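Student: What follows is each chain in one-letter form.
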Amino acid sequence: MKAYFLDLYRGAVSLLDGMLVTLQALFSPVVTEQYPRRAAVLSPHFRGSLKLARDGQGQLLCTACGLCARSCPSTCLSVQGEKPAGAGRKFPATFVYDISRCSFCGTCVTGCPFGAVVFTPVRTRVSASRDAFLLELCPGAEEPFRPHT
Amino acid sequence: MTISAAESPHYRMHLNLGPQHPSTHGVLHLELEMYGEYVLGIETVLGYGHRMHEKTAERRPWQAFFANTPRIDYACGLPHGHCYALLLEEALQIEVPERALSLRIVSSELNRIASHLLWVGAFLLDLGAFTPILYCFDDREQAVDILEHMTGSRLTHPYMCAGGVTGDIDEETVLKIRAFIRRMRSRFSIYERLVTNNVIFVMRTRGIGVITPELARAYGATGPVLRASGVACDIRTVAPYGGYGRYTFDVPLGASGDCLDRYRVRMAEIRQSLAIIEQALDRLPGGPVRAAVPRKIAPPPGEYSSSVEGARGHVTYWAVSDGSEIPYRLKIRSACMGNLSLLPELCRGMLLADLIATLGSLDLVIPEIDR
Numbered sequence: 001m002k003a004y005f006l007d008l009y010r011g012a013v014s015l016l017d018g019m020l021v022t023l024q025a026l027f028s029p030v031v032t033e034q035y036p037r038r039a040a041v042l043s044p045h046f047r048g049s050l051k052l053a054r055d056g057q058g059q060l061l062c063t064a065c066g067l068c069a070r071s072c073p074s075t076c077l078s079v080q081g082e083k084p085a086g087a088g089r090k091f092p093a094t095f096v097y098d099i100s101r102c103s104f105c106g107t108c109v110t111g112c113p114f115g116a117v118v119f120t121p122v123r124t125r126v127s128a129s130r131d132a133f134l135l136e137l138c139p140g141a142e143e144p145f146r147p148h149t
Numbered sequence: 001m002t003i004s005a006a007e008s009p010h011y012r013m014h015l016n017l018g019p020q021h022p023s024t025h026g027v028l029h030l031e032l033e034m035y036g037e038y039v040l041g042i043e044t045v046l047g048y049g050h051r052m053h054e055k056t057a058e059r060r061p062w063q064a065f066f067a068n069t070p071r072i073d074y075a076c077g078l079p080h081g082h083c084y085a086l087l088l089e090e091a092l093q094i095e096v097p098e099r100a101l102s103l104r105i106v107s108s109e110l111n112r113i114a115s116h117l118l119w120v121g122a123f124l125l126d127l128g129a130f131t132p133i134l135y136c137f138d139d140r141e142q143a144v145d146i147l148e149h150m151t152g153s154r155l156t157h158p159y160m161c162a163g164g165v166t167g168d169i170d171e172e173t174v175l176k177i178r179a180f181i182r183r184m185r186s187r188f189s190i191y192e193r194l195v196t197n198n199v200i201f202v203m204r205t206r207g208i209g210v211i212t213p214e215l216a217r218a219y220g221a222t223g224p225v226l227r228a229s230g231v232a233c234d235i236r237t238v239a240p241y242g243g244y245g246r247y248t249f250d251v252p253l254g255a256s257g258d259c260l261d262r263y264r265v266r267m268a269e270i271r272q273s274l275a276i277i278e279q280a281l282d283r284l285p286g287g288p289v290r291a292a293v294p295r296k297i298a299p300p301p302g303e304y305s306s307s308v309e310g311a312r313g314h315v316t317y318w319a320v321s322d323g324s325e326i327p328y329r330l331k332i333r334s335a336c337m338g339n340l341s342l343l344p345e346l347c348r349g350m351l352l353a354d355l356i357a358t359l360g361s362l363d364l365v366i367p368e369i370d371r
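Chains as they are written, first to last, in the numbering used here: chain D, 1 to 149; chain L, 1 to 371.
Hint data in this document are derived by calculation from the structure and do not stem from the laboratory. These numbers come from a predicted model, not from an experiment. Beta carbons: idealized from backbone N, C-alpha and C, even for Gly. Please note: incorrect hints may appear among the correct ones.
What the hints assert, rightly or not - Derived Cβ-Cβ restraints for the label pairs, each shown as a range:
#1 Glu82(D) to Tyr328(L): 32 to 38 angstroms
#2 Lys2(D) to Pro344(L): 40 to 46 angstroms
#3 Thr124(D) to Leu40(L): 50 to 56 angstroms
#4 Gly47(L) to Val41(D): 36 to 42 angstroms
#5 Ser74(D) to Ser256(L): 44 to 50 angstroms
#6 Arg123(D) to Asp168(L): 21 to 27 angstroms
#7 Asp168(L) to Leu52(D): 44 to 50 angstroms
#8 Lys2(D) to Gly349(L): 30 to 36 angstroms
#9 Arg154(L) to Leu23(D): 27 to 33 angstroms
#10 Ser74(D) to Gly36(L): 46 to 52 angstroms
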């Protein structure tokens, strides 16, 4: 009988102790991020939309070797290069990036031997048209969005 | 002749649990044979979350599969990436820089802590306690924020790559991780008061779903489920990989193999993971975080395998190369299949509410089974 009441007492104390923890939490600072009302703070390393990097002179680092397109698990890149007259190497003529297929895994970024493809923290892209998700990353291309073949 | 209430055929029923039930953790479908509130037998139905990971590996180049590795076990993805990276490094004979080894361990252990915290919260939800998950997510958020800074994403971290890791960490991140270790250590007393000492929690879990060491071994259970039964098997100590041999840490063990022990083992593992991270940061070497890898990854023909300790147990990757840029075959062994196989054995004669507790205590990620 004594053990029974001792168990009851211990149980009640353990429950009250737990409630004390929640009571303390009531007076601790709010940790919830009020996301839609306040913009979320993203890490600068956040993997968002891709872009083509440039060197100090403003030239694209990309040599259109196509390694990123070949190794992409989602086949969301397509690159075509051309060698401008007088240039020592190839430059991309079109670099089409289908962001609707991209899983932001970074296989292209880590695989690129020239460091020519990099992530940006841009992540929101809203459109009613599928074509708007086919991004032409190469600024000199004639058409802004080219259908993915 | 009268039929007693207990023998009435009306008490027997066939009950479908899941695949959309919140306590089946994903898309597990259980077909229960019930007698009143008691479970007579159980049949698990899998396949609802099948994403053809292994087949996908056979269609794209070797390095492309790194994108899939964190998605196999989405709650603790980094050990999967670690395992695949070890496999490729063995195949290509790549020496990984020291700093990369340390960063791999730091990120994997942070991921393990995040996964265990998620489990504690979800397990207590299964038992009907809503409050603890809020505390767990508060702590987990800190770990996920650090992982976001290190890896670039919050859940499916594609951080591991052949020859190292994809990004370095700066001094600010090191300070953040140290602050997290301090904070987490101060939070254990809260969990103790809120959960571990709670009389309802203890009564719901003590002596429920007891797995004996023999049973655990017979069904191929691994990870905290096996260690809660008292079997000291952790790949990090049994067959150290990726530099784990240089760290001193304990392998927490349970005594009776019940749900309470599985909870205690996981909480103790969080402490050990914090100790590993602290040691790794104390002697974080400088230098590059990625070795030079060939542009064309084509391992010589042959079979390769590697094993790591994930948050749920052993993760093994086995690959066959035919010398081309695309894997001929990739087989993944994850822990959840072995752990789930215990459930039909455990459930006989159990109350339905205890079945939910046992199912929760196994820490299942069902899509990890459906690959």
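Student: Compare the structure with each hint and give your call.
Tutor: Outcome of the hint check:
Evaluation of the 32 to 38 angstroms hint for Glu82(D) and Tyr328(L) yields a pass: the beta carbon distance comes to about 36 angstroms. At about 42 angstroms, the CB distance of Lys2(D) to Pro344(L) agrees with the hint of 40 to 46 angstroms. The hinted window of 50 to 56 angstroms between Thr124(D) and Leu40(L) holds, with their beta carbons roughly 52 angstroms apart. At about 40 angstroms, the beta-carbon gap between Gly47(L) and Val41(D) stays in the expected band of 36 to 42 angstroms.
Checking the proposed 44 to 50 angstroms range against Ser74(D) and Ser256(L) shows it holds: the Cβ atoms sit about 47 angstroms from each other. Between Arg123(D) and Asp168(L) the beta carbons are some 22 angstroms apart, a value that agrees with the proposed interval 21 to 27 angstroms. Range check, Asp168(L) to Leu52(D): Cβ separation about 22 angstroms, and the 44 to 50 angstroms hint is violated. Between Lys2(D) and Gly349(L) the C-beta distance comes to about 33 angstroms, which sits within the given range of 30 to 36 angstroms.
Range check, Arg154(L) to Leu23(D): Cβ separation about 31 angstroms, and the 27 to 33 angstroms hint holds. Between Ser74(D) and Gly36(L), the C-beta spacing of about 51 angstroms keeps the proposed range 46 to 52 angstroms intact.
Of the hints listed earlier, the one the structure fails to meet is number 7.
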